Amino acid sequence: MSKLIGEPIKVHQDRDAMVTAFIWRKRLYRVLEVIDWWREPSEWWEGKAVRLFFRVNARNSSSGIYELYRLGEEWFLSRVLD
Amino acid sequence: MSCIHLHVHSPYSFLDGASTLDRLLEKAQALDMPALALTDHNRLTGAIRFYDKARKLGIKPIIGAEVTLEGGYHLTLLCKDLNGYSNLCRLLTGAHMSNRGGEPQIAGGMLQRYCGGLIALSGCSRGEIPALVRKGDVGPARKAAQFYKEVFGDDFFIELIHYPSRKGIPDTHRLAGFAKEEHLPVVATNNVHYAEMEEYTIKELLNAIDRNISVYRLENYRTVEQYLKSQDEMASLFADCPEAVEMTEEIAARCNLELELGKPRFPRFDIPGGETDYSYLSKIAFAGASDKYGHLTPEITGRLERELDTIRTLGFCSYFLVVWDIVRWARERGIACLARGSAVDSLVVYTLDISNVDPIEYDLLFERFMHPLRYEPPDIDLDIDRRRRDEVRDYIYGKYGTSNVSCVATINTYMARGAIRDVGKALQLPHEIIEEACRGIHYLSASKLLEHADSLPELKQSQIYRQPELAKFFNLCAAIDGFPRHLSVHLGGLLIGDGELSDSVPLEWSSGGDIISQYDKDDIERLGIVKMDLLALPTLTVIEDTLASVKEGWGIDIDLNSIPRDDTKAFAMLREGKSIGTFQLESPAQREMAGRLLPNRFEDIIVSISLVRPGPLKSNMDKVYLPRRHGTEPVTYLHPGLENALSETLGVILYQEQVLKVAHDLAGMSYAEADGFRRAMTHDRTEEEMEKMRDSFISSCARNGVSGEIAEKVFEQLAAFAAYGFCKAHAAAYAILAYQTLWLKCHYPAEFFAALLSNQPMGYYPSRVLVAEAQRAGVKILPLDINRSRDRFTVEGGAIRVSLSQLKGMSGEAVESILSGRKPGEFTSLRDFVLRTGVSQPIVESLVRVGAFDSLGTREGLLRQVPELMTLRHRVLKGISPLFDDVRPDHEPFGQAARIDRKARMSVERELLSLSLSAHPLDFLRLGNEFTRMKDLPSIATGRTVRIIGSVVRYQTPPTRNGNRVVYVIMEDGTGIADVTVFGDVQEKCGQVLFRAGWLVVRGKIQRRGAKGVSIIAEDLSPLSPDNYAVSTSGISPTF
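Protein chains in written order, with numbering that gives the first Met the number 0: chain Y, 0 to 81; chain D, 0 to 1039.
One thing to keep in mind: the hints can contain errors.
As the list claims (entries may be wrong) - Okay, derived cross-link-like pairs now, DMTMM-like style, lysine to aspartate or glutamate, Cα gap no bigger than 25 Å in a straight line:
1) Y:K47 with D:E257
2) D:K424 with Y:E42
3) D:K166 with Y:E39
4) D:K52 with D:E195
Stated by the list, open to error - Estimated spans, in silico, between C-beta atoms of each pair:
5) D:A29 with Y:D13: 21 to 31 Å
6) D:Q462 with Y:L3: 40 to 50 Å
7) D:Q462 with Y:W36: 39 to 49 Å
8) D:G71 with Y:L3: 29 to 39 Å
9) Y:M17 with D:G71: 38 to 48 Å
10) Y:W36 with D:T401: 54 to 64 Å
11) Y:S1 with D:L449: 42 to 52 Å
Simulated from the structure, these hints should not be mistaken for lab results. Computed from a prediction, not measured in an experiment: that's the story for all the values here. Just so you know, even glycine gets a beta-carbon here, dropped at the ideal spot from N, CA and C.
Bound-form chain Y, shown alone:
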C-alpha cells in the first residue's frame, strides 16, 4: 500500500549528491538507506525536466519508506509506502 502525497519538500544532499535527509511538513526525516533510484520522463512539451526519483528508508519518530523526486531544482515527496 502507498499513499500519494505530491508535496514540496526540502532535501539535504551530501557531496556525492546522495540524499541524506529531507524536511516534510516541518519535520526532519533522516535517510537511513537509498533503496533504489530511477528517472521518469516528464511533460517536456510544457518545459518540464526529467524527474529523478529516490526510494529511501527514512526515519522520523519511526522509520518508513518514502519516494522523493527532483523536478528541476525543486524536490517533492511523491508517496509514502507502508
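Take the given structure of chain Y and dock chain D to it, following the hints.
Okay, now just chain D, sitting in the frame of chain Y:
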C-alpha cells in the same frame, strides 16, 4: 574491460533515432569506446556512411540491424564478416519484398538459410524470448531459444537491458534467470536511441510523428534511459551480472567486417564468342568512327586507341558495352536517348553513338571524363525522351534480370516546412499557426529558420517566429533538421549489379511500387556498384512531338542533325530575347545574356550556357568576355603559352577542359595529372594544401620558362575558376538541344508550342505564359472543342487547338473514352456525347462550362440538361430505357439564351484550363496612363521610371557575388513579360509582399545591360488592390 554498445539506433531508423551518426560517434569517442554498432530498424541506409565515419574516428564499426521477424518479434543481428553482411542484405531484402505495403518481416526459413556470418541477440522487449519470458510462457520461450540456438549456434545471445524504474527490473531478472537455466550466454545492451539523455524528447517527438499521434498520447512508450551510457554507467547497471558487459567485448571482437568500398563492380555483358570485352568494344568503336568520319585520320585513330586503352586499363570495357547496348536498343525503337555531362568528352562515347557531340570538332578532352589516375566508376548519364523512359528501364530489367536491377533511393530529409508541419501536428498546434509559420518559406533549413526570420524581409514582418510561447516549437523543428523522413525513388538512377543485387545492397519497395536500394547514390558509389542515370528529359519529347507534327502537317521529315547551325532568323529571335520555351535559353538571365552577347553562331550558345551560371557571373567573367567578344577590348593573354588553351574563348577561362589544357601547356602536367590538379582545387582544401599546390604549379611552370609572377597570376585565375567552371562537353551537348528547340520555335512555332504545351509541366514558364508567347509569335489558340480537341495540343491550319487533357479534373480514362466514343463520327449533341462516352458528370459539366460544346448549344441550356442525361445514361446502361425513348430537345436554338460575356469566359478558362484564351484579367481594368504595358518596355529609355502591373510568374533568388540576396520576379500582363530585380533595400521595405502576392504593382527604373536586355530595378512593390486601378469596365472589382 570495455563496454561496447551493440544495439544502437540512428535517425536511419526513420523516426526512431534522435541523434545523428556524428553525435553518436563523437560521444562514443569521448567515452573511449573502441567500437560501436549500428542496428537500425530493418534497414542499412545509414550503414555505409557510419562505417566510413567510424573508421575515420578510429572506432571499429559494427554493422547490423534490428530486424522484425514473423509475428512482429524483434531480433538484433550483427555482421561478423562479408558473408554476414551479404546475408543481412538478403534477409532485409526478403523481409521487405515479401511484405509490400506492410511491416517488413523475416520468415523463420529465411533466417535459417541466411544465418551465416551473423550474430543474433535476442532483441529488445519486443524480442520473441523476452516477450515470452515476460508473460511467463517458459515452454514456448524454451522452444524459441532452441530454434535460435540451432540457427546461430554459439553466436546467439540473450540481450539484457536494464532500465531502472519504479517497479525495478523484474523482467530483466527473469530473462537473466531464464538464460542461466537454458545455459545461454548473456550480453548487456542499452537499446540506444540517442546520444544524451535529454534527447529522449526528440525521440518521443519522432515516435509521435511516426505513429501520427500527438505527443500527449505517448504514455505507453516512455523512458529516458535509451542514451549512449558510459562504460562506468553500464558496469554499474550490470554490477550483478558483469559477464553480460564482458560479453560485449567478446562479441565486438567477433565482428570484423571489411567492406570493399570504392572498387567498381560492373555487370557482365554477353559478347560474341571469340571476343573479349576490349576487342568487341574496339571493333564497335572503330566501326562507328568509320561511319561518322569516313576516312580515319591518324588523329582520330590515335585518340580512339588511347581512349580504348585507358578504358581497358581501368577495367571499364563492359560498362561501355552496357551503355552502348542500351542506347542502341532505344535508337532502334525510335526513342531519343543521348549522353550528357563529361562523358561527352569521349570520342569512344561519340563513336558508339551514345552522344551526338564530336569531341574532335569541339576540341574536348577525354581526360576530363576519365584517365588512369582517376579510379572511380565512370558515369555516363543518359537523357531520354520522357514519355518513353520507362521502356528503356524495362529493357534493362529484362536484359539483366529483375534481381540484378533496382532503382536508387533518395533519402528525403526534413527541412523547415516539413518540420513545421510534422512537429506542429505532433504538438497539436492550431492549423492556422502551422500555415502562418510555413508561409513565405522556400527551401530553408529548419535549423536556420529563426536566423532567417531575423534577416529575410518576407519573414521579418511575421511575428510568429518571435512569439515566446512558440520558441520551444521552433527549437524542436530545428532539432530534427536534416533527419531522414522516408526513402523515395531517385529520379533517374538505376543500379545494375554484377550478380544478385541483394547480395550487397538491401532492397525494398518504394511507395510507388518500384524496387529501390536502401542506399542513396553516394553510398552506392562507395560500394562501387554501377549506377546508370536514365534521366527523363521532356525537351527530347517536345522535339520528337514537334517533328511528328511537322511531318503530319507539312509532310516534311526534318533531320535535326542536318539543319544549318547559323540560321539567321533563329539567332535574330534569340538576340531579341524571344527564347521563351526553348531549352536552356529561356530563363530571364539567359534572355538578358542574349541581349548582351548578341549571339550569331552556334559556339555563342555554348558560351552562353557556360557563362550564365552563379560562379562565372559572381566572378564577373561576363564583364571580361563580352567586350572581347564585341571587339571593344583587345584579346590578351598573360603568357603566349596560354593562347592554345584559351583562344577559343578569347583569353578567358570558361570551361573546365581549359584548366587541364592550361596546366598541361604551362606547367607541363599530363592531362591526367592536370585533371587531378583541377579536382584538387575544386574540393575543400586547407591553406596549407593550397600553398603546396601553388608552389608545385609555380615550380612546374618555371621549368617551362614561365616567370614566377605570371605563374602566380595564372594559378590565381585557375583557383578562382576551378570552383565554378562548367564542363564544355556538357555545355556543347545541351547547346545542340538548345539550338534545335530555337530553330523549331523559329520555323515551326505552332507545332513547337503545341508540343511544349502538351508536355507541361516542364521548363521555366507555366502554360498561360507559353500560350501568350505563342500568340505573340502569331499563332492563334483555338478553344477546347469536343469534336476537335485531342489528348494533346494539336495544330489545325497553323493554329493550336487546346487539348482535352488541359481541362482541370480530366482523367486519362475520360480522354480515352471521349476519343474512342468519337471514332465512329462527331458528337452531334450533348445527349449523343453522354450516351457514347463514360465521362463522369463533373467532367461533362466542366466541358460544357469551358465551351467545349459551344458548337452544339448554349452553355446555360446544355448545363441544365446534364443531370437528366446522366440519369438517362444510367437507365440505358441498366437496360431500363430504350435509347430513343426521350424526345426532349437537348439544345436551345442559338441566340435564345444570353451569350456568355468575355469576362465570364476568361474566368472559366482560368479556372478550368489555367489559361487565358478569351482575354487577360488586366483587359478588364481601366489602368491609368501612369501604367506601362510590358510590350512597350523595350521602347522606353534607360533610367526612366515606370509602373507596371501584372501577375507573378516566378520568383528567383540566385546566388550573388557579394552574398547579398537579390530577388528576381518574372511577371506577365498579357502583352509581354517583365523581369524585375528587387535589391535588399526594397526587399526590406516590401517584405510582406514578396513571395506572397500573386499580382503585383511595381514601380521601378528601366535598366539595360547590353544592347537588348531590358529589366526593371524595383523601387516599390505593392499588391494589386482597388487603389491601383480606376474602375473595372464591368463596374465589378476583378477577382483573379
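Checked hints:
With a C-alpha separation of about 45 Å, the suggested pair K47 (chain Y) and E257 (chain D) falls outside the 25 Å cut-off, and the hint is violated. Distance hint between K424 (chain D) and E42 (chain Y) is fulfilled; the C-alpha atoms sit about 17 Å from each other, no more than 25 Å. For the proposed pair K166 (chain D) and E39 (chain Y), the alpha carbon gap of about 12 Å is at most 25 Å, so the pair holds. Distance restraint check for K52 (chain D) and E195 (chain D): the Cα-Cα separation of roughly 19 Å lies within the 25 Å cut-off, and the hinted pair is therefore satisfied.
For A29 (chain D) paired with D13 (chain Y), a C-beta distance near 28 Å keeps the hint of 21 to 31 Å intact. Checked against the hint of 40 to 50 Å, the pair Q462 (chain D) and L3 (chain Y) passes, with Cβ atoms roughly 43 Å apart. A beta carbon spacing of about 44 Å between Q462 (chain D) and W36 (chain Y) agrees with the range 39 to 49 Å that was offered as a hint. In this structure the hint that G71 (chain D) and L3 (chain Y) lie 29 to 39 Å apart at CB holds, the actual value being about 36 Å.
Between M17 (chain Y) and G71 (chain D) the beta carbon distance is about 42 Å. The supplied range of 38 to 48 Å therefore holds. A hinted range of 54 to 64 Å holds for the C-beta pair W36 (chain Y) and T401 (chain D), which are about 56 Å apart. At about 45 Å, the CB distance of S1 (chain Y) to L449 (chain D) agrees with the hint of 42 to 52 Å.
The structure shown violates just one earlier hint, number 1.
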